Amino acid sequence: RRISSLAELPETHQLLKQTCQGFSDNEIAPVAAQLDKEHTYPKNLVKKLGELGLLCIDISESDGGTGLDYLAYSIALEEISRGCASLGCIMSVNNSLYLGPIKHFANADQKETFLKPFLNGDQVGCFALSEPGNGSDAGAASTTATLDGDSWVLNGTKSWITNGYEASATVVFATTDKSLKHKGISAFLVPKPTPGLTLGKKEDKLGIRATSTCNLIFDECRIPKENLLGETGLGFKIAMQTLDAGRIGIASQALGIGQAAIDCAIDYATKRKAFGAPISKMQAIQTKLADMELKLESARLLTYKAALLKDSGKPYTKHAAMAKLAASETATYNSHQCIQILGGMGYVTDMPAERHYRDARITEIYEGTSEIQRLVIAGSLLKEYSMKN
Amino acid sequence: MASLRVLVGCKRVIDYAVKIRVKPDKSGVVTEGVKHSMNPFDEIAVEEAIRMKEKKLASEVIAFSCGPTASQETLRTAMAMGADRSIHVEVDANQAEIIQPIHIAKLLSKIAQEEKADIVMVGKQAIDDDCNQTAQMTAALLDWPQATFASKLEPAEGGLKVTREIDGGLETIQVKTPTVISSDLRLNEPRYATLPNIMKAKKKPLAKKKPEDYGVEIKAHQEIKKVEDPPTREAGQKLETVEELVTKLKDGGFI
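First to last, the protein sequences are chains A and B.
Per full-length UniProt numbering, residue 1 is the first one in the first sequence, and the count goes up by one each step.
Per full-length UniProt numbering, residue 1 is the first one in the second sequence, and the count goes up by one each step.
Since the hints were derived computationally from the structure, they do not count as laboratory data.
Note that the structure is a prediction, hence the values are computed from the model and not measured.
Where a beta carbon is used, it is the ideal one built from N, C-alpha and C, also for glycine.
Take every hint as true, because none was put in to throw you off.
Subject to a maximum C-alpha distance of 20 Å in a straight line, what follows is the list of computed EDC-like cross-link-like pairs (lysine to aspartate or glutamate):
#1 Lys200/B x Asp63/A
#2 Lys35/B x Glu73/B
#3 Lys35/B x Glu8/A
#4 Lys35/B x Glu11/A
#5 Lys225/A x Asp150/A
#6 Lys200/B x Glu61/A
#7 Lys202/B x Glu61/A
#8 Lys203/B x Glu11/A
#9 Lys305/A x Glu384/A
#10 Lys110/B x Asp143/B
#11 Lys19/B x Asp263/A
#12 Lys202/B x Asp69/A
#13 Lys200/B x Asp69/A
#14 Lys208/B x Glu11/A
Covered stretches of chain B, as calculated for chain A (at least 3 residues, CB under 8 Å):
#15 66 to 80
#16 195 to 207
Could you build the full structure based on these sequences and the hints that come with them?
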């Protein structure tokens, strides 16, 4: 598939976009403010997402999934996030962070237990990489896994785990051989609940408040030997590959927030009158709207390109990082300007502007901070240069 | 009773949420670059047909649309909702301007006979022309019983029991199959096309035909002389007493 197809999406993707737009506008947007206010996990909406096939978008049809591609995933995730960023986050974690590593590295038995029941919204998964002592420094994982007879024994704490409370299983990264540093990290599949695994308190977050985020505490937690994902020492590679794809997800979530922000701003600006005319007629407002739209569409094109590269089996690490960086910074820019355009109304909960502002902020932090994205981009760039010179 | 074949008519119309604008030359409304979608009442008809299939009352759902090339999108949506196959009778832009319910009724009746349909279902009216004629004309051409403004469909001996929304309330009638039904708003709530079904729809057959294939000539029977906006609503007046109101109404010749 070529980039010229970006002028018009393929028919399947157009139909998909229509379905997601309709679902988002009619069922998600009307309850988003309440979900945020009450800090409630949207269980029935998650189930509806599952029924629409949105929680397993790129899992093959033979495995029971929807069998679509990452471009479809990006389009769907943007529309859902436009309605509610929290729901978009839950969708992204299940698709990219949980099902992603299992799709690529699990064997048939592991797929029976950890993939098949997680496709239709009945159960969701989560991804445990970060620790209190290391976020960006993923190679320094201090959670350990020791082989004892027929079991692996996990010890340590994972932090900032989205879906921590509601998930029925998690992909966990632990050190199996400290001497090998990041090459000594392995990935494991852990069902929840399980003896030896306790949850920390639910974090009280600034935004995406309808998701639960907590610590996973492993204390002599035993899991069957068969729950090793891939091979020992493969963990870091699995994590990095998973995050590359996850970045396209978060970029799409950020696009949804950025779009919701500009929609809110335009709607207000065309109705609010000042100095005898709607403020949308004023240059200061028009300049803001133009900048918001420019950043949004630019980030969207980067996101689509990253998705298309991935779908074509081409290297996409640099573009995924660029997409995530551009989209997340756009989400914060757009929501900031949205509040500015709404003035006082942007500062109160009567309008969604302040929620977009709070929701946007996390997109610059999780799944690789903006600083890390810049290192990834520069690293790719320098590598490309050294290969030509 | 089971294994009924259902032919559903869908029309591609300007989306219900769009703000309609009249063309500067007053010959019609602006359609270029405007969002279009399936007529909402037709969506309800498609949904009902699919539910009949799920309840094993129907064995096959065939979607039909007469319109320009873009009508294919409407048919793909119907198939994504669950219709088994579709027939697109394609017309060019000029013909599309002059198509009337009589032409659709002629096409529907020919196709219904060819496909040996047991039920022809359409939305009660299209939201662009609000004609509310296609179902009735089709029934007349086929000499089949009709049940219009259906808000509930149930199987019955040799046919269907239909609850109709009429001016005075609800009326329940029984019709023998084959029959023509038109759907009203409260018949059901259409489903979202799920992703797996959107994927399956890609493999479903979409037959392309022309009006001539069914012996139908698209000939204009009427000419639209002018289209204009309704008059802008003027401010009302606030009155103090009921007597004043009655006087004003009498003076204005309203009573």
